[in-house]
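K.L.:
Next come the chains, spelled out residue by residue.
Protein chains: 2
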Amino acid sequence: MIPPDPGKGPSHDFHLTVPDGDDHERLVCRTCGFVNYVNPKIVVGSVVTHQGRFLLARRAIDPRLGFWTLPAGFMEVGETVADGARREAREEANAEIVIDALLAVYSIPRISQVQLMHRATLARPDFSPGAESLEVRLFAWDEIPWGEIAFPSVVWALNHWRQVEGQAVFVPFTNPPGETGDRPLAP
Amino acid sequence: MIPPDPGKGPSHDFHLTVPDGDDHERLVCRTCGFVNYVNPKIVVGSVVTHQGRFLLARRAIDPRLGFWTLPAGFMEVGETVADGARREAREEANAEIVIDALLAVYSIPRISQVQLMHRATLARPDFSPGAESLEVRLFAWDEIPWGEIAFPSVVWALNHWRQVEGQAVFVPFTNPPGETGDRPLAP
Numbered sequence: 001m002i003p004p005d006p007g008k009g010p011s012h013d014f015h016l017t018v019p020d021g022d023d024h025e026r027l028v029c030r031t032c033g034f035v036n037y038v039n040p041k042i043v044v045g046s047v048v049t050h051q052g053r054f055l056l057a058r059r060a061i062d063p064r065l066g067f068w069t070l071p072a073g074f075m076e077v078g079e080t081v082a083d084g085a086r087r088e089a090r091e092e093a094n095a096e097i098v099i100d101a102l103l104a105v106y107s108i109p110r111i112s113q114v115q116l117m118h119r120a121t122l123a124r125p126d127f128s129p130g131a132e133s134l135e136v137r138l139f140a141w142d143e144i145p146w147g148e149i150a151f152p153s154v155v156w157a158l159n160h161w162r163q164v165e166g167q168a169v170f171v172p173f174t175n176p177p178g179e180t181g182d183r184p185l186a187p
Numbered sequence: 001m002i003p004p005d006p007g008k009g010p011s012h013d014f015h016l017t018v019p020d021g022d023d024h025e026r027l028v029c030r031t032c033g034f035v036n037y038v039n040p041k042i043v044v045g046s047v048v049t050h051q052g053r054f055l056l057a058r059r060a061i062d063p064r065l066g067f068w069t070l071p072a073g074f075m076e077v078g079e080t081v082a083d084g085a086r087r088e089a090r091e092e093a094n095a096e097i098v099i100d101a102l103l104a105v106y107s108i109p110r111i112s113q114v115q116l117m118h119r120a121t122l123a124r125p126d127f128s129p130g131a132e133s134l135e136v137r138l139f140a141w142d143e144i145p146w147g148e149i150a151f152p153s154v155v156w157a158l159n160h161w162r163q164v165e166g167q168a169v170f171v172p173f174t175n176p177p178g179e180t181g182d183r184p185l186a187p
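Protein sequence lines, in the order shown, are assigned to chains A and B.
Each residue of the first sequence is one higher than the one before, starting from 1 at the first, in UniProt numbering.
Each residue of the second sequence is one higher than the one before, starting from 1 at the first, in UniProt numbering.
These are calculated hints, taken from the structure and not from any lab test.
Please note that the accuracy of each hint is not assured.
Unchecked claim - Which bits of chain B does chain A cover? Going by a derived footprint, with three or more residues having C-beta under 8 Å, they are:
1. 69-77
2. 102-112
3. 121-127
As the list claims (entries may be wrong) - Calculated from the model, a selection of chain B residues having no Cβ within reach of chain A, i.e. all distances over 10 Å:
4. Asp23
5. His24
6. Asn36
7. Ala82
8. Ala131
9. Glu135
10. Arg162
11. Val171
12. Pro172
13. Thr174
14. Pro176
Claimed, not checked - So, partial list: chain B residues that the calculated Cβ filter (under 10 Å) puts toward chain A:
15. His12
16. Glu132
17. Phe139
18. Ile144
19. Asn159
We put the beta carbon where it would ideally sit given N, CA and C, even for glycine.
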C-alpha cells in the first residue's frame with residue numbers, strides 16, 4: 001500500500017490505469033510498475049495566541065501574497081501532526097509554540113486538502129518574519145484585518161477558537177455548515 | 001503550492017532538487033517543471049459498533065493478509081474526511097455507517113501516515129465482505145481476536161473507543177504514550 005520512494009528510482013514513464021486490486025485509476029510507470037498515488041494533502045497549523053492576542057503572518061509568497069494567514073503549511077514526511085504544526089510556526093514566524101488542543105479538522109475537497117488546526121500559545125514572546133512572511137504581528141481580536149485574510153479556513157479557525165475560548169475539553173470543529181472552502185487559493 | 005494534476009501531463013523526467021522558494025528537496029521534472037510533492041498520506045477509518053459489538057474485517061490483501069482490521073483506508077482526492085470513512089466501510093464491509101465523533105488522530109511518521117479514526121455505528125445491520133475482505137464479523141469485546149489484529153493502530157482505536165464509551169464530548173486521542181506505530185505493515 002505504501003509506494004516506494006520515487007526519489008530512489010530512475011525517470012518514470014507514466015500511464016493512467018487501474019492497478020491490480022485497486023478500484024481507482026492511478027499513474028503507473030510502464031517501466032518499473034511504480035504507482036504514483038495522488039492523495040489529499042495534509043495542512044498543519046495553529047491559532048497561536050499570546051496574552052489574548054492572535055499571531056498572524058503576512059504572506060511573502062503566492063498564492064495570496066500580502067494577505068494575512070495563520071502559521072500553517074503542508075505536513076512533511078517523517079513528522080507527526082504536532083511536529084509539523086510546530087515546524088510551520090518556526091518557519092513562518094520564527095516562533096516556538098506550545099500546542100494545547102486540536103481545534104479543527106477541515107476538509108477542502110476541491111483542492112484535496114485536510115487541514116488540522118491546533119490551539120497553541122507562544123512559548124516566549126519572540127517572533128519575526130520567516131522566509132515566507134513579509135511581517136508577523138499579534139492582533140487583538142478587534143484589530144484582525146478581516147478584509148485581508150488569505151484563506152477562508154483562517155477565518156473559520158479564528159472564529160472556532162473564540163467559540164471554545166477557555167474550554168479545556170471540546171469536540172474539534174469541522175467546516176462551518178455549508179462551507180467547502182471552495183474559493184480559489186490563487187486570485 | 002498545489003501541484004498540477006500529473007495525470008494530465010506527458011511522462012516526466014524527474015531529478016531531485018530544491019525548488020525556488022522551497023526548503024526541502026523535491027522531485028522536479030526537467031522538462032516541464034512539475035514538482036512531485038511527496039507528503040504524508042491520510043488514512044480514514046472507523047470503529048463501527050452495532051448493539052455493543054465491533055465490526056472487524058479480515059484482510060484479503062497484503063499487507064497483513066488474513067489479519068483483522070477496522071474499515072479504513074487511504075483517503076481519495078475530492079472527498080471529505082467523513083466521506084472517505086463512509087466509503088471505506090462500504091468498500092471493505094458493504095456497510096453503511098453513521099459517524100458520531102472523531103475518535104483519534106494518529107501520526108505514524110515512519111510510514112508517513114496520519115490516521116483519522118471515527119466512532120460510528122451501523123446504519124442497519126447489513127454487512128458482508130467487500131473485495132478487500134475475506135470475512136466481516138461483529139465481535140463482542142471479549143471475542144476480539146487480539147492476536148490476529150493487522151495493525152497497532154487498530155488496537156489503539158479499539159481501546160480508545162472503550163475509554164470514552166458513552167461520552168458525547170471528548171478530546172480525540174493521539175498515539176498512546178511512547179507509541180509510534182513503528183511496526184512494519186508487512187510481515
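K.L.:
Run every hint past the structure and note whether it holds.
P.N.:
Verification of the hints:
1. 69-77: holds (count 4)
2. 102-112: With 7 residues closer than 8 Å to chain A, the segment 102-112 of chain B meets the three-residue bar; holds.
3. 121-127: violated (count 0)
4. Asp23: Its Cβ does come within 10 Å of chain A, the nearest being 7 Å, so this is violated.
5. His24: 6 Å, violated
6. Asn36: Asn36/B is in fact no farther than 10 Å from some Cβ atom of chain A, at 6 Å.
7. Ala82: 8 Å, violated
8. Ala131: Incorrect as stated: the minimum Cβ-Cβ distance to chain A is 7 Å, not above 10 Å.
9. Glu135: 17 Å, holds
10. Arg162: 18 Å, holds
11. Val171: 6 Å, violated
12. Pro172: 6 Å, violated
13. Thr174: Incorrect as stated: the minimum Cβ-Cβ distance to chain A is 8 Å, not above 10 Å.
14. Pro176: 13 Å, holds
15. His12: 7 Å, holds
16. Glu132: 8 Å, holds
17. Phe139: 24 Å, violated
18. Ile144: With Cβ-Cβ at 23 Å, over 10 Å, it is violated.
19. Asn159: 19 Å, violated
The structure fails to meet hints 3, 4, 5, 6, 7, 8, 11, 12, 13, 17, 18, 19 from the earlier list, while all remaining hints are met.
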